[in-house]
Amino acid sequence: MWDTLIVTPLTNVLLWIYQIFGGNFGLAIILFTLLIRLVTHPLTAQQIKSSQAMQEMQKSKKWQDMQKKHKGDKEKLAQEQMKLYKELGVSPFGSCLPTFIQIPIIFGLYQSITLALAASPLQLLTLTRSVYSILDATALLPLNSRFLWMNLGQPERIFLPFLGDFGLPLLAIIVALTTYLQSKLTMPPPANPGDQSAMMGKMMVIYMPFLLGYFALTFASGLSIYFIASNLAGILQYALMGKVDWRNLLPASMKGVVKSK
Amino acid sequence: MKTKTFVLILVLLVSSLLLAGCAKGLTPSSWPGVVTDGETAYIASATHIYAVSLEDGSEVWRFPEKADAKKSFFAAPVLTPDGQLIVGGYDHILYSLKPQNGQVNWQFEAARDRWIGSVLVANDLIYAPNADYNLYVLNLRGQLQWKFEARQALWSAPVTDGQRIYLGSLDHTLYALEPHASKIIWKKSLGGAILNPPLMGGDGLLYVSTFGGDTFALETANGGQRWKFAADNLVWSTGALKAGDLYFGDAQGNIYALNASTGVKDWSLQPNGPILGAPLIVGDILVFGTESGDLFAVDAHGKNVWTQTIGGMLYGPPVAGGDLILVAPVEGQSLLVALDQTGTQKWAFTPVK
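In order, the protein sequences belong to chains A and B. Residues 1 to 261 (the numbering used here) are what the first sequence spells out, left to right. Residues 1 to 353 (the numbering used here) are what the second sequence spells out, left to right.
Honestly, the hints are just simulated from the structure, not real lab data. Because the structure is a prediction, the values reported are computed rather than measured. Glycine is no exception: its CB is placed at the ideal position from the N, C-alpha and C atoms. Do not rely on the hints blindly, as some may be mistaken.
[Unchecked claim] Label pairs and their in silico Cβ distance ranges:
| # | chain 1 | residue 1 | chain 2 | residue 2 | range |
| --- | --- | --- | --- | --- | --- |
| 1 | B | 178 | A | 19 | 53 to 61 angstroms |
| 2 | A | 240 | B | 64 | 40 to 48 angstroms |
| 3 | A | 149 | B | 161 | 33 to 41 angstroms |
| 4 | B | 106 | A | 166 | 20 to 28 angstroms |
The whole structure should be built from the sequences, with the hints applied where relevant.
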């Protein structure tokens, strides 16, 4: 069911793009990522809108008073919160539901890239059976996995003369860097900087680049191309909606200076 | 309340979908490769190379002794005339082992990708195809002599007639190379990836099948096409020659018998499941393994002689081990099953964990 609904259709779209764009799998992954971003844009837009509404609500005096008033009674606090959600027309699931719906697509995307790379005989056999008849599997498969200096089916390393046998994981570094940039630029300022969710947000900005950087270091570089394209597309998407705060890149001490100017 | 129920159902649905997706990662990435020297079978299967006695199916040794998550083996090992067992791993390392005890003689670590195909040993050289697009040519001490680069991965062993090395590539091309230098004598594009070694005929012809389902008879001297036959589906293995006929199967489950000189079909039949491996010729019969887990024996006229259910999926070719027929199923109950020539099981080897 997972394959039929998610992985197989995504794989065939990926192969279709590969076929159209002259058998360049790196380019196909980038275009595929942009296409998925475009298709899921309404969900992303709704998520941004909902989280912004939620943040504004949490900053409101009414919310703050309510927190103080029912501090010792969690049940009552929850009831009052629900009332306020209804009153202001804010859905408590509005910000997480679109993300949640996107999770299968993201997982499917990973799997379809891995499946399409077919780096072993059984994977190739599985891929063959996943290709729709409208595509010419004979001519397409196996895919040409070379892109720029990379073999997209292998973790990427650059071997430079002055580094000897050490392979520089350039792509993993770019993945970590773009992940950090995306988190930093698109994360809205917390409603209550001292609370638990704000702390979690800060931790995510630090941990996610390391996590995705580690994935890029370990897994096929085709996935790294996806991470980078997805991060850059995410920044662009937020920028086009006017939701990127470039000042977040500045150290905290300089933010005030820029603002006052 | 309604929203909560909806979200809960959605969580359960998506979680089950994700779990189903993740579980797929546990399947093996290829099928076992087997070779024998008449007394011992050497099986490359996932985390180990096993040496198994053909007499009773007992384990003689395994390499490495303890499973290492970074090491896996699927290419059939190859025995050299000077007593080495050469096998490549998915860890990018080509190993030379002692067939007696599995100890390492040397290892070659310059390749950048997996060793999916077996090596060819000829002219006191080891011709080793790697998925990094290179054919590495080593001496018998594991030292690189030269290499030849194709345009895509190399998944199958080259073959030789003594005059040239014939190498199939996933780049759809069959290369005829000088045996002692990285030089192309001729090459021919065949319109589909070549996944298995070509088959040498004795009459100046060689046979090669492609992922596109075509089988070609080419002249060894210049690559000229003598004939071409289109199967109903992809052909993984070129097959086997016997008494002037070429026998092979396709992924739709057809078995074909062609006149090897003309490419004209003598007969075809469809037993019960896709056929990826070459048939084994045992006396007057041909034994095919099917994805459905059956060994299917036919005579030269296509008449079924016997069928034996092994279980699992039989992707690799059956292999002769003395008087025995050996098969190594994927996801079967045993790693290696030995049968006599009537299809009666003699023993099965299941490694102790």
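Results of checking the hints against the structure:
1. B:178 x A:19: 53 to 61 angstroms: violated, 36 angstroms
2. A:240 x B:64: 40 to 48 angstroms: Once the Cβ atoms are compared, 54 angstroms apart, the range 40 to 48 angstroms for residue 64 of chain B and residue 240 of chain A is violated.
3. A:149 x B:161: 33 to 41 angstroms: Holds - the Cβ-Cβ distance for residue 149 of chain A and residue 161 of chain B, about 37 angstroms, lies within 33 to 41 angstroms.
4. B:106 x A:166: 20 to 28 angstroms: Hint holds: Cβ distance 24 angstroms, inside 20 to 28 angstroms.
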